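A.B. asks: Chain residues, written in single-letter form:
2 protein chains.
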Amino acid sequence: MKEDGLYLTGSDSDITIKTFLKNDKEIFESIEKEGTIVIQGKYILDIIRKLDSEFVNIEVIDGLKTLIWTETSEFNLNGIDPKEYPNIDLEENKSPVVIDIDVFKNIISQTSFAVSKEEVRPLLTGINIKIENNKMECIATDSYRLAKKIVELDKKVENLVNITIPGKNLLELDRVMHEEGNLEIHIFNNKVLFKFNDMLFQTRILNGTYPDTSKLIPEDFAIDFTASRTKFYSVLDRASILINDKDKNIVKLEVKGNDITVSSNSPEIGKVEENMDVQNNKDSKLNISFSSKYMMEALKVFTSDEIELLMNGEVNPIIIREIGNDNVIQLILPIKTY
Amino acid sequence: MKEDGLYLTGSDSDITIKTFLKNDKEIFESIEKEGTIVIQGKYILDIIRKLDSEFVNIEVIDGLKTLIWTETSEFNLNGIDPKEYPNIDLEENKSPVVIDIDVFKNIISQTSFAVSKEEVRPLLTGINIKIENNKMECIATDSYRLAKKIVELDKKVENLVNITIPGKNLLELDRVMHEEGNLEIHIFNNKVLFKFNDMLFQTRILNGTYPDTSKLIPEDFAIDFTASRTKFYSVLDRASILINDKDKNIVKLEVKGNDITVSSNSPEIGKVEENMDVQNNKDSKLNISFSSKYMMEALKVFTSDEIELLMNGEVNPIIIREIGNDNVIQLILPIKTY
Chain A
1 MKEDGLYLTG SDSDITIKTF LKNDKEIFES IEKEGTIVIQ GKYILDIIRK LDSEFVNIEV
61 IDGLKTLIWT ETSEFNLNGI DPKEYPNIDL EENKSPVVID IDVFKNIISQ TSFAVSKEEV
121 RPLLTGINIK IENNKMECIA TDSYRLAKKI VELDKKVENL VNITIPGKNL LELDRVMHEE
181 GNLEIHIFNN KVLFKFNDML FQTRILNGTY PDTSKLIPED FAIDFTASRT KFYSVLDRAS
241 ILINDKDKNI VKLEVKGNDI TVSSNSPEIG KVEENMDVQN NKDSKLNISF SSKYMMEALK
301 VFTSDEIELL MNGEVNPIII REIGNDNVIQ LILPIKTY
Chain B
1 MKEDGLYLTG SDSDITIKTF LKNDKEIFES IEKEGTIVIQ GKYILDIIRK LDSEFVNIEV
61 IDGLKTLIWT ETSEFNLNGI DPKEYPNIDL EENKSPVVID IDVFKNIISQ TSFAVSKEEV
121 RPLLTGINIK IENNKMECIA TDSYRLAKKI VELDKKVENL VNITIPGKNL LELDRVMHEE
181 GNLEIHIFNN KVLFKFNDML FQTRILNGTY PDTSKLIPED FAIDFTASRT KFYSVLDRAS
241 ILINDKDKNI VKLEVKGNDI TVSSNSPEIG KVEENMDVQN NKDSKLNISF SSKYMMEALK
301 VFTSDEIELL MNGEVNPIII REIGNDNVIQ LILPIKTY
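From first to last, the protein sequence lines stand for chains A and B. Heads up: the first sequence begins at 1 in this note's numbering, then just goes up one per residue. Heads up: the second sequence begins at 1 in this note's numbering, then just goes up one per residue.
Heads up, a few of these hints could be off.
In this list, chains with the same sequence are indistinguishable; a pair is considered to hold if it fits within one copy or across any two.
Said to hold, decoys possible - Okay, derived cross-link-like pairs now, EDC-like style, lysine to aspartate or glutamate, Cα gap no bigger than 20 angstroms in a straight line:
1) 65 with 179
2) 135 with 259
3) 271 with 100
4) 282 with 268
5) 42 with 172
6) 33 with 59
7) 65 with 219
8) 231 with 54
9) 42 with 237
10) 231 with 71
11) 18 with 74
12) 282 with 254
13) 25 with 220
14) 155 with 132
15) 231 with 52
16) 50 with 273
17) 42 with 212
18) 336 with 89
19) 285 with 273
Honestly, the hints are just simulated from the structure, not real lab data. Note that this is a predicted model, so its numbers are computed, not measured.
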């Protein structure tokens with residue numbers, strides 16, 4: 001608590017968040033004395049949420065005991081000496097990268113699901129952000145699929161940026177970032193500080209060189225069809241009902257003229273065949289198998305109903321995008337079934 | 001499938017449910033042939049829910065393979081020979097007990113939470129139903145608290161009823177019983193059949209003699225106060241915030257004049273004191289400790305905001321009821337804290 005308002009800092013080993021509540025008559029009836037105290041976050045949240053009076057008194061006694069009271073309630077919390085709290089540096093850069101909050105929230109939701117859930121290759125649990133001039137490229141991959149989003153920044157960066165941020169930390173940032181406006185990204189060697197409105201959010205960066213995925217995405221495709229995203233999603237959903245192994249969820253796709261067939265076969269349970277009309281742009285044929293779970297997760301990130309599926313054969317990656325738009329690319333590796 | 005409609009039977013070791021869909025042009029476009037097939041319940045539910053066409057064709061081939069298809073989807077399910085399905089007797093009584101569905105749903109929600117979660121004394125995992133003449137008494141207890149509900153039936157029963165039905169089975173009945181109307185209860189030696197609309201729901205009965213709890217509830221009380229149920233609930237909720245042992249959740253209640261204080265003390269975390277106005281009907285004093293979790297669950301079953309708390313001392317049961325109304329009684333045993 002300072003004269004200008006209340007500073008709240010929370011931190012675990014990965015993330016530090018600092019917020020500020022400005023000294024304003026509508027929020028603070030009176031500030032009697034400045035001071036600092038450390039209390040357990042989960043209790044203070046529950047207390048404030050469950051108190052039913054509009055104003056609440058907070059007072060620190062003997063530098064440690066924290067009294068929180070209203071007319072009828074009194075909480076007496078054991079505090080911790082602020083001297084024992086780690087000194088976390090939340091410095092800012094002179095020239096942060098600036099991006100619209102909504103755009104950055106979209107980046108997170110369109111890529112984060114594709115990060116690896118396994119800690120074997122720690123770098124793959126992160127989202128890689130590369131910035132060159134004013135082009136920002138964000139990639140997540142678990143080595144079976146890849147999600148890529150490209151956005152243009154208003155301002156060029158001076159130095160090339162290439163950092164990988166833990167995916168779960170960015171999901172946490174997404175959860176606390178509600179307001180509209182600009183997000184400042186202050187990049188350091190081993191950490192990134194996000195700044196928006198009255199909040200600072202700092203996370204560590206993953207060490208190491210993110211794999212080069214630029215050659216994974218082909219430039220030409222032999223197979224190219226356009227389909228309704230929502231219909232294709234339902235077809236995949238139904239084709240997966242009888243699959244026992246929900247982790248793999250392998251379905252077969254057959255492209256033939258303007259018809260596609262998605263099928264699955266689980267000998268003990270039964271089989272499914274789903275048919276759907278598409279627009280086969282190159283009138284080509286193909287039989288390919290892939291994870292319906294990955295395909296459905298990839299389909300979810302798009303907003304328009306028409307999508308394009310691009311392929312080169314049964315062992316080459318499948319590309320999903322909105323028609324002619326390479327700003328959001330989803331890639332799925334096929335699964336060999338023979 | 002019969003000419004008059006579709007009969008569906010599902011069963012585990014505990015519960016059997018049989019439903020009927022009448023042959024009606026709006027439901028069945030055509031019934032080509034009668035027959036019986038056994039298929040895995042979870043798949044058929046998912047298939048029917050996820051198909052997007054209004055009508056669906058179902059056909060059994062070779063007595064086992066079950067085809068479910070629409071214009072674009074085809075499911076080929078492996079069925080099981082109906083001869084291998086256990087022969088479950090769903091006979092009815094001549095004179096079932098009849099009760100309003102909503103009344104019985106209330107009985108379940110006002111008692112089931114108090115059954116024992118431990119299998120050490122299996123009988124206590126059930127809800128005991130006793131009927132004498134036209135008085136039906138339903139009790140659940142885990143030996144630390146008790147929930148009791150009394151309802152009057154329209155018709156007298158000929159023979160005394162005293163059965164104990166597994167609490168979780170009654171919760172399952174509650175989940176499938178949506179309609180309004182009458183519920184028929186057909187009671188047998190080792191099972192009960194519930195019948196409502198076009199549904200039969202049969203459950204086993206727990207063996208043994210349910211403990212006699214009639215002497216647990218005192219007739220006279222030295223302490224008697226009236227309080228707002230919702231305010232008392234919030235007070236208990238806040239008084240429990242700092243308690244570490246969420247299983248026990250022990251709070252202390254002090255009654256003094258028209259004030260009560262609910263407090264808790266967790267030396268490592270801190271302490272809470274909550275004050276509230278009540279109407280002390282006997283102007284008595286008391287200090288008593290109990291589980292705030294049990295008290296909050298008991299408070300939830302009432303509908304009116306004014307409730308009465310009745311006590312006889314710090315080692316005697318606490319009774320909670322709506323004012324002067326003994327049809328719903330909640331009892332909580334105090335906890336000795338010294």
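A.B. asks: Is it within, between, both, or neither for residue 65 and residue 219, if the alpha carbons may be no more than 20 angstroms apart?
C.D. replies: Neither. Shortest intra-copy (65 angstroms) and inter-copy (46 angstroms) distances fail the 20 angstroms Cα cut-off.
A.B. asks: Up to 20 angstroms between alpha-carbons, please classify residue 25 paired with residue 220: within, between, both or neither.
C.D. replies: neither (63 angstroms within a copy, 54 angstroms between copies)
A.B. asks: Give the relationship of residue 285 and residue 273 under a CA distance limit of 20 angstroms: within one copy only, between copies only, both, or neither.
C.D. replies: within (18 angstroms within a copy, 74 angstroms between copies)
A.B. asks: Pop the pair residue 282 and residue 254 into one bin, within, between, both or neither, using alpha-carbon distances up to 20 angstroms.
C.D. replies: within (15 angstroms within a copy, 81 angstroms between copies)
A.B. asks: Have a look at residue 33 and residue 59 and pick one of within, between, both or neither, based on CA distance no larger than 20 angstroms.
C.D. replies: within (9 angstroms within a copy, 79 angstroms between copies)
A.B. asks: How would you classify residue 336 and residue 89 at a CA-CA limit of 20 angstroms: within, between, both, or neither?
C.D. replies: For residue 336 and residue 89, neither the intra-copy (50 angstroms) nor the inter-copy (50 angstroms) Cα distance is at most 20 angstroms.
A.B. asks: What label fits residue 282 with residue 268 when the C-alpha limit is 20 angstroms: within, between, both, or neither?
C.D. replies: neither (37 angstroms within a copy, 71 angstroms between copies)
A.B. asks: Checking residue 65 and residue 179: alpha-carbon separation at most 20 angstroms within a copy, between copies, both or neither?
C.D. replies: neither (34 angstroms within a copy, 56 angstroms between copies)
A.B. asks: When no copy is named, should residue 271 and residue 100 be tagged within, between, both, or neither for a Cα gap of at most 20 angstroms?
C.D. replies: Result: close neither inside a copy nor across copies, 47 angstroms intra and 45 angstroms inter.
A.B. asks: Is it within, between, both or neither when you check residue 42 against residue 237 at 20 angstroms Cα-Cα?
C.D. replies: Answer is between; shortest inter-copy Cα gap is 15 angstroms, intra-copy 39 angstroms.
A.B. asks: Pop the pair residue 50 and residue 273 into one bin, within, between, both or neither, using alpha-carbon distances up to 20 angstroms.
C.D. replies: So residue 50 and residue 273 pass the 20 angstroms test across copies only (14 angstroms; inside, 53 angstroms).
A.B. asks: How do residue 18 and residue 74 come out at 20 angstroms by Cα distance, when the copy is not named: within, between, both, or neither?
C.D. replies: neither (27 angstroms within a copy, 56 angstroms between copies)
The structure is inconsistent with the numbered hints 1, 2, 3, 4, 7, 11, 13, 17, 18, although it conforms to all the rest.
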